[in-house]
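Here is what each chain is made of, one letter per residue.
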Amino acid sequence: MRREANIRDLAIGLLLLAIQVVLLRHLQIFGAEGDLVLVYLLWICTRRNRTEAILYAALFGLLQDGLTDLWGLHTFSKTLLIFFVYNYLNKVSENRFLVWQVFLIVLVMAFFHNLILIFLSGFTELYSSSWLTWSILLVGSLYTALIGSFLYLIKQ
Amino acid sequence: MRFRLPRITDAKDVILTSIILIFAVNLMISRHDGGLQNIRKASIAVVSYLERPLSTIRIYRQALNTNTYLQRQNVLLQDELSRLRSAEQQNRILRNLLGFRENYTHDLTPVTIVSKELTNLNNTLTISAGEQDSVRVGMPLIDSDGLIGRVILTSDRFAQVMPFTHTLFRVSARIQESRALGIVSWQGQSYQELVMEFVPATIDVEPGQIVETSGFSNQFPDNIPIGEVTRIESGPNIEMNQIFIRPFVTLHTVAEGFVVQFQPDTTIQNLFLEQEGLF
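Going down the list, the protein sequences come from chains A and B.
So for the first sequence, numbering that gives the first Met the number 0 puts the first residue at 0; every next one is plus one.
So for the second sequence, numbering that gives the first Met the number 0 puts the first residue at 0; every next one is plus one.
If you are wondering where the hints come from, they were derived from the structure by calculation, not from laboratory data.
For each residue, glycine too, the CB sits at the ideal point set by N, CA and C.
Check before you lean on any hint, since a few could be wrong.
[As the list claims (entries may be wrong)] Not the full set, but computed from the structure, chain B residues with beta-carbon under 10 Å of chain A:
(1) 30
(2) 39
(3) 74
Bound conformation, chain B alone (with noise of 0.2 Å):
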């Protein structure tokens, strides 16, 4: 093995590194010293310099950031707005109700409706109370804006209620102006339109007018609202008018309401009896 002399220009480039090595050392610990600050205040100069353009990108990025972060805000606090909105919906609804059932003269047993079948072949509603909680066949269920329908069915914790958009419906009602007596029933048509019929065509009835029950067919209490007055037309006996209403209660968004506890007066179901029994 051959041992091998270092060469001048290895000497050279040791002393060159050591005197770079030295002047790095030197460097680091009077990094803090005055005669370096003027140096350090230049360099952020240059840096800040050369840096500016990228600035530009940093805050792009910056307000894509931002954006994203803003959008999803945006997508929650519409989310928050929705249920608020709803909340103050049926906040008013419910103020309605309890305002409305500290007026009404009948007991009012609160339900809400749990199911809908609105199909037009054979509309229902279902209720949550039963006869567990006095709510018999018979019963109309009605909320603050007016008539809904009446109980068909019970069961012990829900009912099923024929609504008024059912051709087997008829309620006695007349009109609050004159007075004029009829029956307001369903033609199958429209959620939004009732016919009254039997109300002689000598009666003044204007659009408008509104409609409530009368409480003669003893199977409704009187003055709960059905509706206001649209058109009147001819019905097919010229001497009785067609009068077409629209329900003050849209069955599609209804979702609470009161069963009315009244029981038809027996009294008067049995004069009905024996007067059948005399002819």
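Bound-form chain A, shown alone (with noise of 0.2 Å):
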């Protein structure tokens, strides 16, 4: 039972990974663009254990990190997030939400997300530095929420 149930997240996982390495990637607002696999790691916090979770963020995040040849960043920042925000998913999951009060959850979320990215970027000076900073931390949380909201909009 449980075996299934991780395939078939695994599963999902891969797929939702595969639309955002092929056509979210390329579906940029301002530079910036939205990330459909942290939306898919937070949904992860509200099912499976801590443990899991991270195990889930380092996976995933490294897939994406080597379909985006930006190898460690979101494995990294991932990672990092799912580890300090995950009690707090995986303890309000149990309530019901409104639609935006799910649209501010993950935009707080993406944002600190994406704040990691950008210092982690910026401190090694190993990315590009063109960058948008602002775009991303702003426009790419936005868009990540809304595409949050509107998976979680269907899921219901």
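Take each chain as given, in its own frame, and dock them per the hints.
Spelled out as structure tokens, the structure:
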């Protein structure tokens, strides 16, 4: 039973990762893109224990890194975010949320995730300096929050 | 307030997270090292494979954009082509007029037709020259193709012309080949047909022959082309033929012309008056 759930969650994750890499990567708004993998990991937090959520974050962060040639960046930021927000997300997941509440939660999570990303890219000086910091931080977070709210609506 | 000690599971997560983060940092630093190159190549291959179906859509979108761009360009080029054709046409007409002017014996005043009133009731043209340009009542208006009309009214800067398609218009004409004389007028039916009357039936007239001004009326200089014969019919008088002429000038398209600086010979006019006085 548990194995089936693992396979199903992994398959969903891989599908969303493929959509992220193939589609969303090209649908940029002001240079920023939505992060479907992050939305998936936030959803995983509501279904799995902390260790599993961290492992999922590491795995899908690494895969996203591999497919976008940003080695280590997503692995680091997603793992760190999930580590810190897991307890909160897992706790509040017992409640039923309105769409705007989901939007707000995903927005805050995406904001912190993008903040870590920007910090890392600046700190390591490994990645392109043409990254539009504010666009990624604000537009990218809003974009991700919109995607999250939309998926929440569909799920409902 | 109670202080809660960290549980073993928390420590496990902390250790796990730390290991992952160190691994991630290591990945970032060793990104350009040789060890990752093969994995990077493989990831590029995977992404290419994933993106292949989308490339068709991208090409299609690009084609649509290109199509829109080309359509816009097509409209602009059509517009430009149209203007060039118009300019070429005008250039040809002006060259004809220039050549005609250089070869013509009378002084010519170039004019443009600023207004046309071709309503059948009272057909008139207004030209861009008046008394200031030495244009006087009675002077003929012509272009390189032939006769257009006659000035009937003048102001300082403009003049009104009675074209040949006016029921009051008359011109003394002759057939070029036979030199037979007659009077050309318009019957008010077709803009493409004038009638030459008073040509004796004994004179052999064929379609295609050229009709020009005779100069006999002392109103127009001679040798101004009017049109060509299209058909011949018997007139009301059995001894006279009616000769139908297609005018060389198309009034609906003519835009420029010359006023011929021609004044009736006063000696001839005086002789007419004297003759009328005798009888």
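Of all the hints given earlier, name the ones this structure violates by number, lowest first.
3
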